[in-house]
Amino acid sequence: MLYFLVAVAALTQQDTDTSFAVRQGQRLEVNDFGGQVVIKAWRQNSIRIRASHGSRDYIRVSNVGSTISIGASSRHGPAMVDYELLVPAWLPLTVSGSPSAEVNIEGTDAEVSVETVEGSIRVVGGKGNVSLHTVEGSVELEGASGHIELNSVDGSIDVRDVSGEITAESVDGSITLLDIESADVDASSVDGSIEYDGTIKDGGRYRFQSHDGSVSVSVPERANVTVYVATFSGDFDSCFPVTLKDKTKHRFSFTLGTGTARLELESFDGSINLCRPGQIHQRED
Amino acid sequence: MNDQWTDRLSEYLDDELDQPQRAALEAHLAGCEVCTQTLAELRRVVGRAQGLDDRPPATDLWPGIATRIGVSTDDLARRRVRRISFTVPQLIAASIVLVAASAGVVWMLSRQEPVSAPVTSVPSSQARPVKWVARADSSGDHAVEELRLALQEGQRAGRLSPITVRKIEHSLAVIDSAIAEARRALEVDPNSDYLNSHLADTMRLKMQFLREANRIATAQT
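Note that the protein sequences, when read in sequence, are chains A and B. For the first sequence, my numbering puts the final residue at 285, and the numbers step up evenly by one. For the second sequence, my numbering puts the final residue at 1221, and the numbers step up evenly by one.
Just so you know, these hints were derived from the structure itself, not from any lab. Mixed in with the good hints there might be a few duds.
[Claimed, not checked] Far from chain B by the CB rule (all over 12 Å, computed), these chain A residues:
1) S96
2) D161
3) S271
[Unchecked claim] Which bits of chain A does chain B cover? Going by a derived footprint, with three or more residues having C-beta under 8 Å, they are:
4) 50-62
5) 185-196
6) 249-256
Note that CB positions come from ideal geometry on N, CA and C, so glycine has one too.
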């Protein structure tokens, strides 16, 4: 086990600046109690740590097995540090920003896992398993591909230009999914609205469910999809004509094209809106 | 609710896991209320199954039947010594099939088109609450209490701010409110498959939320 302390005590606020080489197969874990964690990809096979921290705080870097860990501590326990890390784009990232760190990652081309309590999460890039969880903060993801899992209890979830399997869950926040390329999307919120503008692929499965919020989904003109709508006391509206079938008290369905994809839209007492791509915002405006 | 360990509980009970898997599952059990309760239920099922007495019937009808259909007494003897036993996975599989079959029958009956025969309707106020709801409530109450304690401890230890605790409690109230609304709707329309599945989904969400919130509240920095 490689273990070293990068910073030593000084009398005032201190900056740490250090670099070390990494190799393929390694992964990076960052733990920050509070502050900001900014991680940017660069072309070099090394990690550069720039950290701003209290004079009595220590930045710890360890290498156990294939995992490089970066964290900080002080004599009184966990330390709040502002990090700016430059890392290779291929380096898988795990960031724990609990309880109050904010995390901003840009340009990664690898797996990403981030968890915070109070802080927001913003990630541009990511490939493979991308998992972003927060309690109070918002989640923003852009330009990722792979197996995407997003969760915010109280904040909004905004996803743009993402491909792959997507699962997004929120209790009290809205979920917005734009420019999505996927055959498997599942988004649910208890009290927030849900908006989806993306592909409806043949044979794909799409499920959007809210209790109190509205559900707005765009369906491309040539989509082959069977749409299942369920609501208790909400409304349904479509920008284009549809022929309802299998109508019961709380459910109905209709088929567009050959109907091979499955689209489930549920809102207990919110409105459900179907439009063509790009029209949802126009209607809301 | 399901996690990667739920499906391994029966193997654990049957002592079919190797030592590292067993240790990992036991570590998981220490922090997972749902799996702990599921395991306890499995243990009760196995205990009851093992406690069943293989008693002969008070009145054995077989000799008379055997005489009438011409079966020999050897067959009778073989029948008496035969004993069927099931492993835990078989019992679980059987129970799942039974539950699924029962649910399927109920679902099909509830979806049947109206027929010309007279139908007696049950007033909604007399509709009995579904048993799984009551059981989920019981598990939920316990998990809520655990979460409350975990939040207190998290706040005391400085892991959670008072604002975070309030937001978690608020979110829990939002979910509970959604569950209450779904329940009221179900009282009006107890046969609605949408309302049943919506209530189940919201309760699943609540359990997942409780587990996740509990994990965050107790996480070590």
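Do the hints match the structure? See the list:
1. Consistency note on S96 of chain A: stated as away from chain B, yet its beta-carbon is not over 12 Å from all of that chain's, at 8 Å minimum.
2. Under the 12 Å C-beta cut-off, the non-interface status given to D161 of chain A relative to chain B holds; the minimum distance is some 27 Å.
3. Here S271 of chain A stays apart from chain B, with its beta-carbon at least about 16 Å from theirs, past the 12 Å limit.
4. With 0 residues having a Cβ less than 8 Å from any Cβ of chain B, the segment 50-62 of chain A misses the three-residue criterion, and the hint is violated.
5. As drawn, the segment 185-196 of chain A meets chain B at 3 residues by the rule of a beta-carbon pair under 8 Å; at three or more, the given contact holds.
6. A stretch counts as covered by a chain when three or more of its residues have a beta carbon under 8 Å from one of that chain; for the segment 249-256 of chain A and chain B the count is 3, and the coverage holds.
Checked against the numbered hints listed earlier, the structure breaks hints 1, 4; every other hint is satisfied.
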